[in-house]
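Colleague: Sequence:
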Amino acid sequence: MGSKKPYFVAVLTQILLAGMSLLSKAAFASGMNSFVFVFYRQAAGAVFYLPLIMFLKRKEPRPLSLRNFFKIFAISLIGMTIGFNAYGVAVDYTSANLGAAAFNCLPVTTFLFAVLLRMEKVRLRTVAGMAKAFGILVCIGGVITLAFYKGPYLKPLINHHLFQFHKSQTHKPHISSTKTWIIGCFLLFLSSISWGLWFVLQAHFLKTYPSPLEFISYQTILSTAQSFVIAIAMERNPSEWKLGWNIRLLAVLYCGILVTVVSNFLQCWVIKEKGPVFQAMTTPLNVIATIIGSELLLGEGINLGSLIGAMLLVVSLYSVLWGKSKELNVIDIDSNRPREVPEMMSPPQP
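Residue 1 is where the sequence shown starts when you use the UniProt record's numbering, and the numbers rise one by one after that.
Hints may contain errors.
Beta-carbon label-pair distances, calculated as ranges [to be verified]: (1) 229 / 141: 20 to 28 Å; (2) 318 / 151: 17 to 25 Å; (3) 229 / 186: 20 to 28 Å; (4) 235 / 292: 29 to 37 Å; (5) 11 / 74: 23 to 31 Å; (6) 239 / 210: 43 to 51 Å; (7) 144 / 60: 45 to 53 Å; (8) 151 / 130: 27 to 35 Å.
No lab work stands behind these hints, which were simulated from the structure alone. Where is the CB? At the ideal position from N, CA and C, for every residue including glycine.
Take the sequences, apply the hints, and build the full model.
Modeller: Below is the structure:
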């Protein structure tokens with residue numbers, strides 16, 4: 001079970017993220033500002049992490065050096081603050097389909113950064129290397145299919161849904177001009193780049209930092225401060241900051257606790273155990289779970305293009321994971337080093 005635990009945790013992380021997509025969509029449809037939402041979700045996580053940090057510091061005092069502080073500040077800025085805010089605005093400027101497709105560029109961007117930083121190797125002359133390259137190409141094909149091919153519309157199988165009372169709000173007309181569409185596409189690309197770099201930087205930092213829990217706690221707290229500065233600069237209307245007993249509060253609490261706290265910690269643990277590309281390659285499961293959730297909870301039908309794209313992403317997922325598994329087997333046979341520190345999966349020492 002121990003060897004399978006990272007696989008289970010990675011899948012669970014994507015299911016939690018799918019719930020985030022569904023609830024965030026409902027919150028934005030109700031008129032909630034995306035910058036304010038990001039601040040609130042990070043603040044909810046920080047409220048949990050602050051007492052935890054105080055407890056850990058009392059139990060095991062470990063001073064945070066100024067150098068590590070600036071490293072964590074930069075990592076949280078790149079992955080949490082820039083990534084979350086850019087993605088929220090981008091989806092508003094373009095479309096949800098394009099946003100979901102861009103999110104699944106993560107395996108590609110993470111893989112490229114890992115190769116550039118020599119944390120991953122591609123041996124195209126080996127079967128494992130060809131499987132990984134094939135998986136990346138199929139992933140790109142799946143992303144393109146999700147973004148640009150709709151096909152016949154498949155009507156919902158269920159007529160009564162949990163969030164049906166939001167349906168009148170979730171279909172607000174939004175026509176993007178050419179300029180805003182270009183800006184949105186750029187921001188989608190920026191968010192994908194920032195998350196890919198975020199995964200790789202976390203893996204590199206955790207090689208020398210002993211506590212993943214402290215690391216993700218500091219990231220969340222710093223990102224809360226960063227997100228507040230952005231939110232207050234972009235939204236000055238006090239009424240837009242109000243939360244009631246509605247879908248907005250539910251989305252904030254879910255994303256702040258189950259995503260910012262639980263999911264981010266689990267993700268950080270998987271990255272430390274298996275490397276950044278392993279975590280990134282499970283992101284197609286997020287889209288599949290979101291498509292199913294949209295059908296069951298929001299009453300949104302599924303396009304044929306979404307089904308085809310989702311299947312391509314599953315193929316890419318298992319192709320790359322199979323290739324990585326084959327390479328690990330070769331390392332175990334040809335090397336006397338322990339399995340938990342194979343060259344392919346471990347970032348270089350600073």
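Colleague: All the hints need checking, so say for each whether the structure fits it.
Modeller: Tested hints:
1. Range check, residue 229 to residue 141: Cβ separation about 39 Å, and the 20 to 28 Å hint is violated.
2. Taken as a hint, the range 17 to 25 Å holds for the pair residue 318 and residue 151, whose Cβ atoms sit roughly 24 Å apart.
3. For the pair residue 229 and residue 186, the beta carbons lie near 22 Å from each other, so the given range of 20 to 28 Å is met.
4. In this structure the hint that residue 235 and residue 292 lie 29 to 37 Å apart at CB holds, the actual value being about 33 Å.
5. At roughly 30 Å, the beta-carbon separation of residue 11 and residue 74 lies within the given 23 to 31 Å, and the hint holds.
6. Look at residue 239 against residue 210: about 45 Å separates their beta carbons, and that is inside 43 to 51 Å.
7. Checked against the hint of 45 to 53 Å, the C-beta distance between residue 144 and residue 60 comes to roughly 49 Å, which is consistent with it.
8. The hint said 27 to 35 Å for the Cβ distance between residue 151 and residue 130, and at roughly 30 Å that hint holds.
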